[in-house]
Amino acid sequence: MDALAAAETLPRSAVSAGTRTKVTARDINVFYGEKHALKDVSVSVPDRGVMSFIGPSGCGKTTFLRCINRMNDTIPICRVTGRLAIDGQDIYDPALDVVQLRARVGMVFQKPNPFPKSIFENVAYGPRIHGFARSRTDLEEIVMTSLERAGLLKEVEDRLNDPGTSLSGGQQQRLCIARAIAVGPEVILMDEPCSALDPIATARIEELIDELKQNFCIIIVTHSMQQAARVSQRTAFFHLGVLVEEGTTADMFTNPIDQRTRDYITGRIG
Amino acid sequence: MTDVTMSRMPYPNRRVDVSPAAVQARVRARYRAETRFRAYGLAALVITTVFVAVLIADVMTRGVPAFWQHSLALDVPVGAEIVAPAGKTDATTIRGADYYLLTRRVLDTAIPGIEGRNAQKLLTRLLSIGAADALRERLVAEPSLIGTTVKAQLLLSDDADLYFKGSETGISTRPMRGIATPSGTSGEVTVLTSANDFADALVLIKQGLASRAERLRGEASRLELFGGTAVAGRVTELRNEAQALQERVDLPKVEEALDDRIPSLLVAINGGLVKITKIKDIAVTGDVLLPLKSTAEAGPGAWKLVTYETPESNRKVSDQEVAFLERFRELGAVQRSFNWRFLTAGDSREPELAGIRGALVGTALTLFVTLVLCLPMGVMGAIYLEEFAPKNRVTDLIEVNINNLAAVPSIVFGLLGLAVFLNFLGLPRSAPLVGGITLALLVLPTIIIASRAALKAVPPSIKEAALGVGASHQQAVFHHVLPLAMPGIMTGTIIGMAHALGETAPLLMIGMIAFIVDVPKSFTEAATVLPVQIYLWSDLPEAAFQAKTAAAIIVLLVFLFLMNGLAIWLRKKFERRW
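Which chain is which? The protein sequence lines are B and H, in order. Taking the numbering used here, I'd label the letters of the first sequence as residues 1 to 270. Taking the numbering used here, I'd label the letters of the second sequence as residues 271 to 848.
Calculated directly from the structure, the hints in this document are not laboratory data. Fair warning: there could be bad hints in the mix.
[Stated by the list, open to error] Partial chain B-side listing against chain H, Cβ under 8 Å, derived:
id, residue
1, Y32
2, G33
3, P76
4, V80
5, R102
6, K111
7, F115
8, G126
9, I129
10, A133
11, R179
Heads up, the beta-carbon is just placed ideally off N, CA and C, and yes, glycines get one too.
Required output: the full structure, derived from the provided sequences and hints.
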């Protein structure tokens, strides 16, 4: 498995020694009916770190993100070709159980969407359906731990039976993160998680991402280059369905190679 | 100024008048249009409300009288030899006794002295056939009452009941001035008076005859004008009749004979009642309806002239019956009570004994079958079509046909029920089971369509969130989408049920038109439902059934309001904001 990872390492990137590659994509093409949305995307995402996908609107970064947990399967006209592997295992293998995959790869959406159930139920639903908790106490422990790690426990511990929708926007998003963490994923996908939030809530979530990166592989799609710069270690730039450039965040922002990258970062496009 | 205003507009080349006056005028025109629209909406609402109010008022005024009934409260000496012959006091003997004898005795005691088979028959027929039912059940429960006198309520027949509800005739009385002498106490008698007491009545009679002649002449000329040769015979008939009447009026005859087409005149004297058949100004001849106590003279003011204002031929109750009923009223025996029988008894050919219990139970059983069948099928079908069905031509075809089925006339479902369930499958006719299945098919498209709309209305973000956490498609739908769609599904279901509650045509086709007396106890016994019961009653000739039809409609409307109220309450309770 390590050989495969090594073979798929892109030449320019400086993946630090000891950091495994978690997600590998090679020649991914996505078609919405006739429309060719993603063209030959190949990238490696390292474990225990944050990688951000940046690019102008409609460039395909959310489409690529949704390929990683096969959410595009819910769209009937969407067709994906190429190889996408997590820990070396092809996730588009017909023998693979999609439901299990989505327990390993969690997702946080752009607009906070807690279930219209209680806060406890929101977090407990995932572990319950996957059978991770054998008793009520186990379940409670999982819920409490997840809320703690999402930085929400102190604010809600005395009102766990209140509906999830009664929280503020920032709290709801943290609840969604807690919900994603509760099923014990290895990868967390975040699709513009802060775009609907105010700056203070955004800051809190970014803090949270910083803590979480120690244990998870986090991929975040973001419109804000400043956020990418603050939060991620590696960055990939997408433009018109093509992965233009990819590397460490520091390199990308100070010394981009491709002209398109340069234009985007300096604000001339996008 | 033009430059400034033009630079504000996005299309500086358009010639739009932006002077303040023009802008104001346009704004005002907009507000006027809005006010007009609001007025139309309000008018529509008012018209609808007026119609609904008129409907409800009409049904209420017709139907509320049916909830009250009149009975005679009399002392009934329970003769042991009739009710418990040979000393046996078990239920069968008591129930099998001849209560007709008992009630006849009671009536004879209340109004003694009635001779003549006709009059006696009329007296006993004032009571309902089931008048002694309540008494009988009391005696079965307490046999110790046999041999004592029991105060019982004897139900009046439908015509007597309607009489006391005030729909038959007005009665006016006038004390007379002279001294009257009756010639006898029963049969045909003559009453002589010392003053010209009957002169006014005589004049009124003549006037009545004259106006009748006028009416006949008018009808004859109308017929002649519009009828042509076919009605020539009738026209001559009418003219002759009018002529005869006119002669009677014109001739200075002193005595007039009364018939049943003019208001009845009677003399109340010495505790009895005489119906006048021939009238002169100082004497009358007539038949005794209520026997007089004696032939003694009655002084001025002690005897009266009674007028029954509606002529006998326009009434359902004859003068004799009115006399009896008024006597009962004077005795204080007439009691009005709530008609519990209406809600607890099954159907009957006698209006005063008819109730809707059978129809209510039949409706409940039928709707239960309908609900049990169409709710799971409808919701599951909707979920499958919405979430799991592959999007191909077959699915499209099914969808189109479901929408078509919702528009099929309900009687077609009745034909289906008749052909398939009764003929082919041999299920029992007129049973709630068959009615329920037929109605379930009728209501199914509505529920499927309403459920699909409710499922579609759930935001897709909820389903995506569930999928993102690793729920399978089925888990996402059943754990998240379905609970959120529940208010809409329940509303659709209850509206469908309310629709089924009022359906008559398909149930007629499967035989629920039969006259069912017993309250059905199972799903396979013959039954009837409330709308069909209303339909059957509306066809019957007895006048009292009109009120009962309206009363049954009131019960049906109450049910509908309750069901719709339940739908609204459930919807509010389960509504969630997301």
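Restraint satisfaction for B:K111 [CB to CB of chain H, less than 8 Å]: holds, 7 Å
Closest C-beta approach of B:P76 to chain H relative to 8 Å, hint status: holds, 7 Å
Supplied contact hint for B:I129, tested at 8 Å Cβ to chain H: Constraint on B:I129 satisfied, holds at 6 Å.
Hinted contact B:F115 with chain H - closest CB pair below 8 Å: Since the shortest Cβ distance to chain H is 6 Å, the answer is holds.
Interface hint outcome for B:Y32 [beta carbon to chain H under 8 Å]: Result: violated, 16 Å to nearest chain H Cβ.
Closest C-beta approach of B:V80 to chain H relative to 8 Å, hint status: violated, 16 Å
Closest C-beta approach of B:R179 to chain H relative to 8 Å, hint status: holds, 6 Å
Restraint check, 8 Å cut-off on beta carbons, for B:G33 near chain H: violated, 13 Å
Evaluation of the interface hint that places B:A133 against chain H, nearest CB under 8 Å: violated, 14 Å
Evaluation of the interface hint that places B:R102 against chain H, nearest CB under 8 Å: holds, 4 Å
Satisfaction of the B:G126 interface hint, Cβ to chain H closer than 8 Å: At 4 Å from the nearest chain H Cβ, B:G126 passes the 8 Å test, so the hint holds.
When held up to the earlier numbered hints, the structure conflicts with 1, 2, 4 and 10 and fits the remainder.
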